[in-house]
Structure formats: structure tokens, C-alpha cells
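**Q** In case you want the letters, here they are:
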Amino acid sequence: MKEAMHSTLENKDAARAAAIFQEDCQTIIRRTDRLLMGLMIFQWIAGIIAAIWISPRAWEGMGSSLHPHIWAALFLGGIISSLPVALAALWPGRTITRHALAVGQMLMSALLVHVSGGRIETHFHIFGSLAFLSFYRDWRVLITASIVVALDHFARGALWPESVYGVLSAPMWRAFEHAGWVVFEDVFLIISIGQSVREMRNIAERQAALESSNTRIEQTVAERTAELTSEIEERRLAEESLKSSEQRFRQLAETIQDVFWMTSPDCRKALYLSPGYEQIWGRTCASAYEQPETWFNTIVPEDRAGVVAGFEKGARGEAFEMEFRIMRPEGMVRSILSRGFPVYDEAGTLQSVVGLSTDVTGRKQMEAKLLESGKLETVGRLAGGIAHDFNTILTAIIGHAELIRQAVPESGPEFHSAEQIGKSAARAAQLTQQLLAFSRKQMLRSEILDLNMTVTEAEVMLRRLLGDSIEVRVAINAKRPWAKADAGQIQQMLVQLALNARDAMPRGGRLTLETGEITLDETYAAARSDVVAGEFVMIAISDTGGGITDEVKPHLFEPFFTTKKQGEGTGLGLAMCYGIAKQIGGHIGVYSELGRGTTFKIFLPCVSAAPSEAAAELAPIVKTAPVRGTESILLVEDDDGLRDLAGIVLQKLGYTVHSAANGIEAISIAENHAEIALLLTDVVMPQMSGKELADRLRSSQPSMKVLFTSAYTEDAIIHHGILDPGIVFLHKPYTPALLSRKTRETLDGAQAPRRT
Amino acid sequence: MNRKQISIIAALWLLMGCGGLVAMLYHEKSAGGAGNPPKEWPADSAIAPRGPTLIMFAHPHCPCTRASIGELAQIMAHSQGKLCSHVLFLQPAGQRPDWVETDLWRSAEAIPGVKVHADWNGAEARRFHAGTSGQTVLYDAGRLLFAGGITAGRGHSGDNPGRDAVMALLAAPTGTGARTPVYGCGLSDKNSSCRIRTP
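Those protein sequence lines, which keep their order, are chains H and W. The end of the first sequence is residue 756 by my numbering, with every number in the run present. The end of the second sequence is residue 199 by my numbering, with every number in the run present.
Here chain H stands alone, though its shape is the one from the complex (with noise of 0.2 Å):
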């Protein structure tokens, strides 16, 4: 296969050597076709010129004619010349043209020649034509050129010897000897035209072997260039992938707030920091890179033991987490977790150890809020559980004090003491109100408030409360000032503050009532686990008393924590104003300085409707209905005390009252009962809720109102403390004044049947 492949690049090279033998070939005959042209069309013109110049004109005395030579030169120039240069110039590169002009050349030497009169130097023409004519490196152009010359001297050298040789006769050994001469020439330029024509033969296989070569070459270039373009393209995408992982590292290490970090093997060099350092640490990466104890020392001595534990393990190759402090050059301390990982490299060495450093300051500070949070929201349920209970216990106190002090005379000692359980059992309500208040537990009749107002209002009332010793000034900055709240719960806070503040100067002072408007965004809001961000009218409350300290701000609303004697404060004034601020949807806030003075901000949130005239003239009405009556009351209460109370109040006002302990007790006495025209109810009770039960009555008694009763609740009658339109409540705990007014007012209100 090899050997057949060699043949026929052999084959081939010798094809192509021929044609570029004969493509040279060519091309020689060509270029002296045309010198050949070029040298007859000169002798022509020479020797017109020469005859023009050396025999002008033929004499005959004083007259003369244009001579005889001229006329030969120009027509017999003429005709030896024509035919040559014809086919010269229509035909170059033909076998007939050099031929032509070897016979026309040797012509030209002949009349030469023969004009010089047989000048034997005139004879080199010959010689140097022939020489000339060996230029076409075709031994027989020569023959022809030789064969005219061989004529032209045996015919001349036997009619007229005077013109070829010179001489008046001679013999015919002359013309072979001149031939002789010529071929002795004739010898010379075959031998050189038969080298040239090797060296042609030669030239041109070489140039076909490098063309071949080149070719060869060539395609060799072109698979290599393929080869080399395709690996380029490999090696350019590689590149650009690297480039591109580089870039993602790159903004990866550079936007992220974490450190990347990554230290020699033993961890006692930074190898590389990310700018995240700068950020967190507050130092600049080089000076952790120069000097690594400066970046040792930014950490708290109390920590360090265990940063050089951690990195100890790391430099045995083992991963580690580790969390410190370190203080900023301000002097601010940021709490820093660090995960540590060692890098081995193929034969299993520790290269490196890598590693993310994140400042947990922030996640810190806020889980130690939640934490106080959940442990506020703990203390709140309990709170709330035990005044629901302490509710129904008052209730039932309070009603049966009354129902003594009704019962006995009023001079008598009875009455006193039914007067005394009466108060005691007040102050315990109020107790209970402000632990309900706490823990979000109170019932609210929200409103959209002025807190303009609202504050303008109550400066008037705490001037009378604070006494003259502490000024109260008023600053009213608030252009929007519109919250939903509790009118009365909002004052009970400002009160309740008030309180707080006048404690806080005992040698009088100056308290300032202001409101105002701020936007809290979303980053202030992240910061604080008990605020969401938006807009909010704000009530501050600024005293120039003793400030608090920082151990005491933690506990401040705390129920319970007070820093009053004993006996001077219940530790809930705070606590209420706190879950009263929660309740409504805002928060509260304090900022203190030892020595200036405290401030407590409430922050509430704004509505864009400003009150309207409606609502703000319905809001305070109280009417002084009749409290007795006839009707038909289903009383429904799982305290088997306060059924009894209430059961009695309302029947000695006139009504007919059916008492139950359950919804199931009521259902069974509503359906032996044509008409019930009040449904009075526990809200919370076992089997079923007050809301469920007067939707099951309603389908057979709809012309049944119904007056709900509560400690507090959660279901679906209350939504964070505020009554569904409609619903009417009455809170525990109650007096029977109050259960006789609120009875009357159902019973004659319009009260919408309601279906859910």
C-alpha cells in the first residue's frame, strides 16, 4: 500500500516535471522569439540608417539620386525580415517561427556579409547569430540556421567569392572549411544546449519534487493549524471559565458581608482576606497580612484561648467552628462566628485552611430579644390566666357584696363590711385589668383618634396629677396625628407614664408631651424583633429625672419589676403600657441617659382618615336606661357562683330567667320554651362556646338577642380584643348595676340577627 502510494506520488512528481519542463521550454522560446523579433527589426533599421548614412546618394557629376542602397536596404531589409518578425509576433513559441528566424537571421548575416565586401570579421555575425540562436536550446534551429549558412557560402563561394570571402577566386575547400567552422560552433552550443536542457530537466523535477513537498508541507500546516485553532478554542474557553469562576469568586468574596479567609497550613498566616474584614474588623486586610498579631489582639482577651483552640485543630487538618468577640478600633465589640476547614491537595498534604468568619452580632442582640420577648409573652399568658379566673372570682365577690349591702341597713355593720369586700374586690379588678392589659387581653374599643387631642387633653389632667413641682409642657408636631386605638387605654398610658415620671423627680422637674410622625423602615425594624416597619404617630414622654440604668432597661416592662419600696408599686404600670402599645399594632421604646433624664416612645400606627364627626360623638354616650323588665332571659354560665349571682340580679328586676351551666343545658330549656328574648352567655365554656350556641338558638328563637360575657376571650366574637360589629359584651368582672344596665340596653337595642 505504501509502495503504491509512493508510485504514485512518483508518477506524479514526473508528470509535473514534465509539464513544467515544458511550460520553461516555452517560455525561453517565447522571450528569444521576441529578442530575435526585437534584433532583425534592429538590423533592419541599422542598416537602412547605415545605408543612408554611408551612401546617401548616387552621383552622375553635379547630379545626383537617392542611392541604390538605400533602396536594397529598405526592401531587401525588408523581405528577409518580414516573414520572421510576422510569425514572431502572430505566432511566438512555434517550431515554423524559430525556424523562420534562424533561416531570416543567417539572411541577414549573409548580406552583411556580402555588403562588406567579404570582410572575413563581418563572418562573427554568423558566429554570434548562431550563438543566439542557441538561446532557444533547440539543436535544430542550429541545423537550420547551419544548413543556410553551408548554402549561402558553397554557392557565393562558387559564382562570386569576392562576396564571401574576399577574394577574386576560391576553391571550394573554403566553403567547407567555413562550414566546418560553423559546425565546430554548431558542436560547442549543442553540447551547452544538451546541459541546459538536463539542468532544465533537473530544475524542474526539483521543482516538482517541492512543489510536491510544499504541498505536502501544506497540508501538513493546515491539519497542524486545525489542530493548534482547536486547541487554542479549548484552551481560550478554559481560560474564559477560569476567568469567569475567578469573577463569580471575585464578586462572591467581594459583596458578601462574611470574611473568606484562607491562612498557611499552621494558620499563623493570612494568606487571603476578603473585604468583608475591613467591614467587620474595621482594619484594613494588608495590616492582617503584614503584622497577624495585630489581627490576634483585636480579639477579647477572654476569647483568645479558644481562637487558638480552634486553630490549633485547624492546623492538624481538622475542621473547626469557633465564636469570639473582637473590639473595633472605636471600641465597639462585634460577636464573630468562624468555621474553619483544612485543604489537602492530591497526595494527601495540608495545603491550606479555609475558612468564613460572619459577624453575629446582630443575630446575638436579637436573640436575647426574642429571648426576653418569649419570656414577656410567657409571663403575659400566665398573667392574663390567672386575672381571667381572678374576673370571674371578682364578679361573683362583687355582686354578692352588693347583694348585702342591698340586704342589710346601712348603719348596720354588715353593710360596712359588704362595703370593704366591695372596694377590696375593685382594687383586685383593677389588678386584673392591667395584667389583662399586659397580656393583650383587655377588650378595646378602638376608634380613630386625634392624638393632638388626645395628648391636649390629657395635659390638663396630669398638670392637676403631677402637682405644681414639675412642669408639663406640650410640643404638637404631628401633621397626620391619626391612630386606631383606645381613647381610654391611650390616656391610661400617658397617666401611667406620668406616674412613673413624677416618681422619677421627687424634687420636681419638667415633663414633656410631644407627638410627632416617623417612617420606620424595613433595616430599623429587622433590628428589633418587636417592630414592623411603616408610618407611625408617635407620643413621646420626656422627664428630667435620674435616668435608668442599663441593668434595669432590660426588666422594665416586665410585670412585676419595680424599683419602688414595697408596697409603693405593682411593677404593671409598664407592663400594661407595653401590652396595650402591642395590642393596638405599635411598640414602645426608651431611651435614657443617667442624670438627664428618660423618655418613653410610643409608637402607634397611622391611619391616612382623620376621625369622623359620627363616630366621635357616639363614642362617649352612656344612657341611664331603665335597668328592670319582664322579658324572657336564658342565662348561660359554666361558674356555678356567678350563674347564681347573676341569676338573682336579673330576677329580681322583673325577669323570667332560665339558668344553664352548658350550651347543651340551653339548647334542651330554649326548646321547651316558646320565646327566649335574651340569650346571656359565657363566651368560654366547656362542650360549647357562647358564639356557637347563639348561632345554633338564632334558626328557632330569631327574634333572640344575645349578650356575651367574658373574662377575656380569644374566639371568634373578639379579634385581638375588639368586638365584631353587632356583638355585644358585657366583661368581667361586672357589677349587678352594670349586668342590670347592660341587660336593659340589649333588650332594647336593635340588635341584627346574626348569622356566621
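In short, the hints are calculated from the structure, not lab data. Given the structure is predicted, the values throughout are model-derived calculations rather than measurements. Among these hints, one or two may not hold up.
Claimed, not checked - Derived coverage of chain H by chain W (criterion: at least 3 residues anywhere in the stretch with Cβ under 8 Å from a Cβ of chain W; other residues may be distant):
1. 73 to 79
2. 96 to 109
3. 161 to 170
Claimed, not checked - Just a sample of chain H residues kept apart from chain W, beta carbon distances all over 12 Å, derived:
4. Ala150
5. Arg198
6. Phe324
7. Glu414
8. Thr599
9. Ile727
Beta carbons: idealized from backbone N, C-alpha and C, even for Gly.
Following the hints, complete the assembly by docking chain W onto the known chain H.
**A** Leaving out everything else, chain W in the frame of chain H:
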């Protein structure tokens, strides 16, 4: 064009070329009037003979005469001072000297032993009956030894019978009246009454 046509054209071309050469040969071999010089040295000639005396009559503008001058130079070189030569250039009446004193004049003048003269109005030529430029006469002791041209053709240098005859006569002046054709321009107008007719 086929091979036959090319052959015909080539043949015609050769024929025309050869014909032209023949015509040229014919022209060169066309002799002028040799005249019939007197057998004795004319007494009225202005030139005084001194021993073997050669006189060549020349037309100052005849291109063919250059070959005759060249042959004369060879004769003079061969005579080794034995020959007294004169070249008489035709000077027609009314022509200025520069018409006569051409390069031929100067060539002749440059040949040692040759005296060059202007032949006023061809008077000497008529005395010696010379009609063609290049005509040469050789006298010795007042007696005509040779008359004719010393070239083989018009303007044709080289061996020729005239030169050989002169050289032979110089070596042995025994013969008389040797004659050769003269190749050159006419010394007188064709229509001139003084024209020398070829005998």
C-alpha cells in the same frame, strides 16, 4: 493557416529574398564608363609625371569610391615609395572648395605618397578621358600602363583584378594598356556634352 500555406509563404519569402540579393549583386557588378585614356601622358596636363605615376579620378561624394581609395592605400603600401600617385577630385565650376574637400578627400590625403588635387570643372578628367569615379590610370615614362577600376564591384573592397594589375606592373612594368571595369559614380552629368562615353 495550414502547413501548405506556410510552406508557400516561406518559399515566396525565400524567393523574394534571393531575388533581392541577385538584384543587388547585379547592381554592384554594373560598371561605369571606363573612358579611353591617351597612351601618352597628355602634354597639357597640369600634373607633371615623375617615374611611375598613378592618377585616380574621383567624385568627392561617390560612396563607391571609398573602396577605391582603400585599394589605393593598399597599392601605395605595396609600392613602398616607388609610385607617385595623384587623386583628382572633381570640382565643378561654381562649387566651393568645401564641396570637394569631403571625407574622401581627407582619406586620400592621409595616404602616404598620394597627392590630392581639385580637378577644376573636370579639366584633367577630360584630358585623361576619365568618365567614372574611381577610374585609375598608371603611366610610367609617359607611357600608359594601366587604365580602369581597382575594385571588384561598386564599393566593394577586396581582391580585384585592377589592383592586382597595378601591383604587377609596378613590380615589372612590361605590359601596356591593361584595362579593368570601373565601378563608381559618373564624373559628368548624363546629359553633359562633356560626358565621357564608354567605348
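**Q** Each hint: holds or not?
**A** For each hint, the structure was consulted:
1. 73 to 79: Coverage by chain W holds for the stretch 73 to 79 of chain H (3 residues, Cβ < 8 Å).
2. 96 to 109: Holds: 4 residues of the stretch 96 to 109 of chain H have a Cβ under 8 Å from chain W.
3. 161 to 170: holds (count 5)
4. Ala150: holds, 15 Å
5. Arg198: holds, 31 Å
6. Phe324: Holds: least Cβ distance 112 Å, greater than 12 Å.
7. Glu414: Consistent with the label, H/Glu414 stays out of reach of chain W, its closest Cβ about 166 Å off (over 12 Å).
8. Thr599: holds, 127 Å
9. Ile727: holds, 131 Å
Every hint from the earlier list agrees with this structure, and none is contradicted.
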